[in-house]
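2 protein chains.
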Amino acid sequence: MTQQQTPAGKRPYNFSAGPAAMPEAVLQRAAAEMLDWQGSGMSVMEMSHRGKEFGSICTQAEADLRALLAIPSNFHILFMQGGGLGENAIVPLNLSRGKAADFVITGSWSTKSHKEAQRYCDARVAASNADNQHTKLPDPATWQLSKDASYVHVCSNETINGIEFQQLPDLAALGSSAPLVIDFSSHVASRSVDWSRVGLAFGGAQKNLGPAGLTIVVVRDDLLGHALEICPSAFNYKTVADNQSMYNTPPTWGIYMAGLTFKWLLEQTEGEYTGVAAMEQRNIAKAQLLYDFIDGSDFYANRIDPGCRSRMNVPFFLADESRNEAFLAGAREAGLLQLKGHKSVGGMRASIYNAMPLAGVQALVAYMREFERSHA
Amino acid sequence: MTQQQTPAGKRPYNFSAGPAAMPEAVLQRAAAEMLDWQGSGMSVMEMSHRGKEFGSICTQAEADLRALLAIPSNFHILFMQGGGLGENAIVPLNLSRGKAADFVITGSWSTKSHKEAQRYCDARVAASNADNQHTKLPDPATWQLSKDASYVHVCSNETINGIEFQQLPDLAALGSSAPLVIDFSSHVASRSVDWSRVGLAFGGAQKNLGPAGLTIVVVRDDLLGHALEICPSAFNYKTVADNQSMYNTPPTWGIYMAGLTFKWLLEQTEGEYTGVAAMEQRNIAKAQLLYDFIDGSDFYANRIDPGCRSRMNVPFFLADESRNEAFLAGAREAGLLQLKGHKSVGGMRASIYNAMPLAGVQALVAYMREFERSHA
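Chains A and B supply the protein sequences, listed in that same order.
The numbering used here numbers the first residue of the first sequence as 55 and each following residue consecutively.
The numbering used here numbers the first residue of the second sequence as 55 and each following residue consecutively.
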């Protein structure tokens with residue numbers, strides 16, 4: 055395997071959908087502290103999770119995440135394991151009480167969540183965009199919400215399909231008193247969250263927050279304590295909350311890396327904006343640059359309704375798909391990595407998470423323009 | 055926090071029970087490859103788990119673990135999440151078929167396993183050493199094994215209590231046809247495993263194999279495919295096996311670090327021995343040095359029956375416990391970290407896993423001798 059380099063000799067730009075690119079400053083810090091975290095004589099991986107050193111790392115990470123996402127004090131932050139697919143079972147085990155739950159189907163991930171929940175509750179479909187191949191979000195005014203739903207599940211950004219809620223649904227305004235559950239794995243910390251509309255949010259860390267193996271759960275206090283008897287203790291939100299995420303040994307390295315990422319995000323500025331607000335400005339600019347270029351070309355196409363396109367995951371297709379391999383090979387040569395689309399969708403996908411700078415999207419657009427010029 | 059150093063200026067010796075010390079060479083390699091794994095232009099944390107780079111890391115780690123532990127071809131190796139406490143539910147969800155299971159209670163961990171399994175099956179106690187405060191293993195000849203048990207659970211090394219099976223029970227010889235399940239979290243790869251006696255082995259990686267957040271499961275093929283309907287898909291052994299541990303995004307960094315550790319273990323030699331056999335020779339020498347010193351002193355005591363003392367976790371007590379704090383403070387000064395005993399047992403505990411060199415135990419014994427001399 056040869057060294058991949060951008061023309062300027064920098065690290066390549068990595069468009070992986072997850073696990074995904076991390077801020078270079080975070081990786082450098084982790085490398086520097088690998089054998090001795092702040093004079094402790096230990097790698098973070100070698101610390102007892104119950105010792106004061108790791109305790110301080112975990113407490114700081116939680117506080118920084120709370121500040122970063124403006125999480126109100128009546129929500130618990132839980133550091134767990136199992137990822138989004140694990141949460142597809144863990145959420146109904148904790149929240150459904152064995153009764154009904156409503157699912158809004160908008161793509162691959164919400165479809166999986168709905169299917170898995172059927173093991174534990176009466177999992178209903180309140181709305182679906184399957185009839186338009188997940189290219190347009192169903193209007194909340196049309197959702198068939200159940201009177202007796204224990205919760206309503208939404209995937210607020212579909213990583214595979216590239217479709218995103220530009221604002222979270224207001225269930226109360228729709229006549230529902232059920233808590234909203236959002237799977238925000240693939241756009242957490244890319245934009246603000248209106249917590250007044252949310253009961254529980256979960257996400258794997260490996261897209262926007264840290265390495266794979268860490269799952270973030272943010273849950274409103276009143277939703278704790280209602281788990282089914284068959285819920286494993288290690289995945290019972292109340293047990294995890296009562297033990298400050300240390301009922302079982304937590305993924306300590308993941309928490310440390312996420313904590314470094316939270317710090318990095320808090321320090322980012324863009325004009326008058328800081329933290330997530332700054333990232334949101336950058337993400338708007340990055341997405342607009344890429345979508346505008348695609349829309350202005352007959353050589354490339356994105357099929358998602360412009361009103362609900364994802365700022366994080368941009369699937370696109372070459373008009374002539376016989377050029378896909380050449381496109382990917384040339385991209386690798388140009389230091390643009392992991393652009394192949396998900397196998398269920400095909401084509402290309404550029405994931406442009408927080409750690410992707412505008413310069414990376416500019417480099418991608420420049421490559422796409424040149425590829426079009428030389429192949430059109 | 056001040057820099058902890060051994061007199062020779064080396065890293066301190068870390069006796070944490072887990073997460074625990076890792077081989078320094080492994081940490082150095084991880085630091086060096088942090089920003090660019092083998093010319094890929096990516097950190098391992100930034101790689102898609104479905105890409106060829108991480109695929110090669112995962113395949114190699116599995117092959118190396120199979121070689122290291124001499125795992126027969128009719129066993130699957132699964133890389134999972136949730137740790138030992140997660141497995142306490144995941145094992146009965148997959149193996150019990152909702153029927154009976156037998157538990158041998160030998161300390162804190164087997165007690166927890168038995169309690170959690172009661173959610174899913176008729177979890178029975180086949181034997182217990184609670185009457186002698188978990189200081190002596192119950193003789194297998196006395197175990198009350200059920201005719202209809204779906205499996206028999208044993209914790210082959212109790213991390214908290216410091217008690218270890220010197221050989222695994224031969225259930226067939228005891229008249230049982232049930233598969234043996236072993237929780238080998240805290241002594242995996244410290245000694246060989248007689249797989250002819252085992253149906254399933256599980257362990258958190260964070261003691262002898264890698265960082266927290268990775269769970270190793272080794273399961274005989276015929277035990278796959280019998281999960282209860284309520285088993286979450288992400289924790290269904292057959293689903294995980296059918297997807298080569300990539301049903302959900304695996305803890306990629308943990309697999310990478312464990313893989314580096316497997317390589318390190320395979321390379322170790324001790325006289326004519328290599329790999330685990332070499333580690334076993336070293337571990338015998340380390341444990342003997344420490345137990346012999348403790349037994350020869352009236353100042354320190356270990357309460358476990360000599361026939362079943364753990365080679366990995368050595369709990370010990372000062373005759374005068376009012377000196378505990380002074381002992382721990384002096385140890386830290388001497389570069390000997392994390393010696394405080396588990397809160398449920400008290401006193402001290404030296405965990406001397408594979409990554410602890412003989413020199414570390416020698417330094418501990420020298421410190422203990424000096425502390426005794428100056429305080430007796």
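No lab work stands behind these hints: they were computed from the structure.
As the structure is a prediction and not an experimental result, all values here were calculated from the model.
Errors might be hidden in some of the hints.
Derived pair list, reagent style DSS-like, types lysine-lysine, alpha-carbon separation capped at 25 Å [as the list claims (entries may be wrong)]: (1) B:Lys292 to A:Lys397; (2) B:Lys201 to A:Lys169; (3) A:Lys397 to B:Lys106; (4) A:Lys169 to A:Lys190; (5) B:Lys201 to B:Lys169; (6) A:Lys64 to A:Lys190; (7) A:Lys292 to A:Lys106; (8) A:Lys166 to B:Lys292; (9) A:Lys106 to B:Lys64; (10) B:Lys166 to A:Lys292; (11) A:Lys292 to B:Lys169; (12) B:Lys153 to B:Lys292; (13) B:Lys166 to B:Lys153; (14) A:Lys106 to B:Lys201; (15) B:Lys169 to B:Lys190; (16) A:Lys166 to A:Lys190; (17) B:Lys169 to A:Lys64; (18) B:Lys397 to A:Lys292; (19) A:Lys153 to A:Lys169; (20) A:Lys153 to A:Lys166.
Consistency of the hints with the structure:
no.: 1; hint: B:Lys292 to A:Lys397; verdict: holds (23 Å)
no.: 2; hint: B:Lys201 to A:Lys169; verdict: violated (37 Å)
no.: 3; hint: A:Lys397 to B:Lys106; verdict: holds (15 Å)
no.: 4; hint: A:Lys169 to A:Lys190; verdict: holds (21 Å)
no.: 5; hint: B:Lys201 to B:Lys169; verdict: holds (21 Å)
no.: 6; hint: A:Lys64 to A:Lys190; verdict: violated (38 Å)
no.: 7; hint: A:Lys292 to A:Lys106; verdict: holds (23 Å)
no.: 8; hint: A:Lys166 to B:Lys292; verdict: holds (18 Å)
no.: 9; hint: A:Lys106 to B:Lys64; verdict: holds (22 Å)
no.: 10; hint: B:Lys166 to A:Lys292; verdict: holds (18 Å)
no.: 11; hint: A:Lys292 to B:Lys169; verdict: holds (18 Å)
no.: 12; hint: B:Lys153 to B:Lys292; verdict: holds (19 Å)
no.: 13; hint: B:Lys166 to B:Lys153; verdict: holds (19 Å)
no.: 14; hint: A:Lys106 to B:Lys201; verdict: violated (48 Å)
no.: 15; hint: B:Lys169 to B:Lys190; verdict: holds (21 Å)
no.: 16; hint: A:Lys166 to A:Lys190; verdict: holds (18 Å)
no.: 17; hint: B:Lys169 to A:Lys64; verdict: violated (54 Å)
no.: 18; hint: B:Lys397 to A:Lys292; verdict: holds (23 Å)
no.: 19; hint: A:Lys153 to A:Lys169; verdict: holds (15 Å)
no.: 20; hint: A:Lys153 to A:Lys166; verdict: holds (19 Å)
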